[in-house]
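Protein chains: 2
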Amino acid sequence: MKHQYTVTVIGLGLIGGSMAVDLRRRGFASRVMGVEADPVNAAAARQIGLVDQVIPYDKCLDDSDVVILAVPVGEAVRMLPELLDRIGKCGKGEGPEEYCRNGYGKTIIDVCSTKSALVKAAEGHPMRGRYVSTHPMAGTEYSGPWAAMSGMFDGKACVICDSGESDRDALETVEKLYDVLNMRTIRMEAANHDMHAAYVSHISHVTSFALALTVLKQERSDRHIFDLASGGFSSTVRLAKSNADMWVPILSQNRNNILDVIDTYMDEMKAFRDAIAAGDEAGIRELIGEANRIRRIIK
Amino acid sequence: MKHQYTVTVIGLGLIGGSMAVDLRRRGFASRVMGVEADPVNAAAARQIGLVDQVIPYDKCLDDSDVVILAVPVGEAVRMLPELLDRIGKCGKGEGPEEYCRNGYGKTIIDVCSTKSALVKAAEGHPMRGRYVSTHPMAGTEYSGPWAAMSGMFDGKACVICDSGESDRDALETVEKLYDVLNMRTIRMEAANHDMHAAYVSHISHVTSFALALTVLKQERSDRHIFDLASGGFSSTVRLAKSNADMWVPILSQNRNNILDVIDTYMDEMKAFRDAIAAGDEAGIRELIGEANRIRRIIK
Chain A
1 MKHQYTVTVI GLGLIGGSMA VDLRRRGFAS RVMGVEADPV NAAAARQIGL
51 VDQVIPYDKC LDDSDVVILA VPVGEAVRML PELLDRIGKC GKGEGPEEYC
101 RNGYGKTIID VCSTKSALVK AAEGHPMRGR YVSTHPMAGT EYSGPWAAMS
151 GMFDGKACVI CDSGESDRDA LETVEKLYDV LNMRTIRMEA ANHDMHAAYV
201 SHISHVTSFA LALTVLKQER SDRHIFDLAS GGFSSTVRLA KSNADMWVPI
251 LSQNRNNILD VIDTYMDEMK AFRDAIAAGD EAGIRELIGE ANRIRRIIK
Chain B
1 MKHQYTVTVI GLGLIGGSMA VDLRRRGFAS RVMGVEADPV NAAAARQIGL
51 VDQVIPYDKC LDDSDVVILA VPVGEAVRML PELLDRIGKC GKGEGPEEYC
101 RNGYGKTIID VCSTKSALVK AAEGHPMRGR YVSTHPMAGT EYSGPWAAMS
151 GMFDGKACVI CDSGESDRDA LETVEKLYDV LNMRTIRMEA ANHDMHAAYV
201 SHISHVTSFA LALTVLKQER SDRHIFDLAS GGFSSTVRLA KSNADMWVPI
251 LSQNRNNILD VIDTYMDEMK AFRDAIAAGD EAGIRELIGE ANRIRRIIK
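Protein chains in written order, with this note's numbering: chain A, 1 to 299; chain B, 1 to 299.
Next up, chain A with everything else stripped away, as it sits in the complex:
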């Protein structure tokens, strides 16, 4: 295994930018390059110092050992097969066949919040082994290179999906990468991951968006309602600041799981509504008591 790697991050937003910073600062990367389609974000990322150099997308594999796809999942699904194709060609006739077969040891990872569509996009590709499907479960409700920060992944979980499809050395590189970011890795099938993510991440975003819409609608007729917004409201609604470019494809790609969770959630809301409407204090108490079991899980 190499001691240091050259890394290219495609997409210099919150996740990509935060990885870039710590991978270089902590010595995993000797050099970090960035690919960023938005010229303002690209200039900012360079100015802030997230990357050593911004390079064009079609150069992203030339000098990189590791390419990190940190773009919204819709774009990642489109890019992944292209990158695998290019890895497949990059060694043609220029080295021993075995070395060539593993794309000169290059590793491609993605960091998206849904995994099934990506794994499917790479399925059966001759270079499939060079791809490792990962989901570092960390972030904030902010986006863009200015939201990136050191330490964001420390102590959090990272899911690695369908690891049996990846080459052993690629997996080792990725394990090392997440170890440097202080993440504990969990292996899981992509389909299983997407169901879990719907429960512990995606639904929270939908409920926050709906809460924001509810209160904003009221605010139109009452400009002073937010004078009263307290800490509880802010924490419950904060995910509603999340970026549409990231969340539209997630909600769209993980549709079936999310619809299942929304339906269960609407049933629970209805149970509350019914108990409140009926003045059934014992019923409300039972629902709250049951919900309080979350105490033993969430610190």
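Don't read these hints as lab results, they were simulated from the structure.
All clues given are correct.
With a cut-off of at most 20 Å between alpha-carbon atoms, the simulated SDA-like pairs for lysine to any residue come out as follows:
#1 K120(A) x D85(A)
#2 K241(A) x S230(B)
#3 K241(B) x I297(A)
#4 K156(A) x T185(A)
Position chain B relative to chain A; hints supplied.
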């Protein structure tokens, strides 16, 4: 106006305990006494040092200038007329009539999250002027004397309801009290407060309870789901730890407002569900874009 007051706090939980600590520490109170029905909480409050002395409920007016009702709203509605009755009697035949009429200058405040039922409970009482209806909008999802903390109210808003019904000197005492707690006060009618509170506080609790129930239901069939719970989920669900003793009466008393908000909220959830089910990415994007307007309001 007095320089220092003797204060009795009825209910030594999160709110009452936190008020007790700062009112004494910051010099508003020369002495703080507590009334607490639960013997464990009473012993803890004394041990932690929240109050100088724990006294029985029926002594709460004897040596106090200010009595703070910090019990769940159902109990407060029951206690308030009793306390006003007792104030009315406490001066009988023992001083000039005027002094007696204002209950020896004693002030009773409550700090509950719904106000209409309390204001109604005091309506027309000969001692109504000694009562000031307040809602300091601060707190955490924890409860009990061990959750109390200094500084909890700093910089937050406190609503004072139907202030025209309170005696001028009682209001001045209460303004001074909240000034010491570093709160900005807002005056509002009780009915208006309850509608606002439903939007910016009560609904957040219901959505958090429902989210906890949804995820806990899934957890039964999958013990590992919470390995993946990230910061976003924790913040959205944290209010689901809130105490039933406090929240059952709030949801019950503010029923009509809360049902209105739940209905609007369910409509918004359904709009999301429909857009996701239809694969309508433009529709999802529009909903998220609209929800993002919360950014300019919540820091």
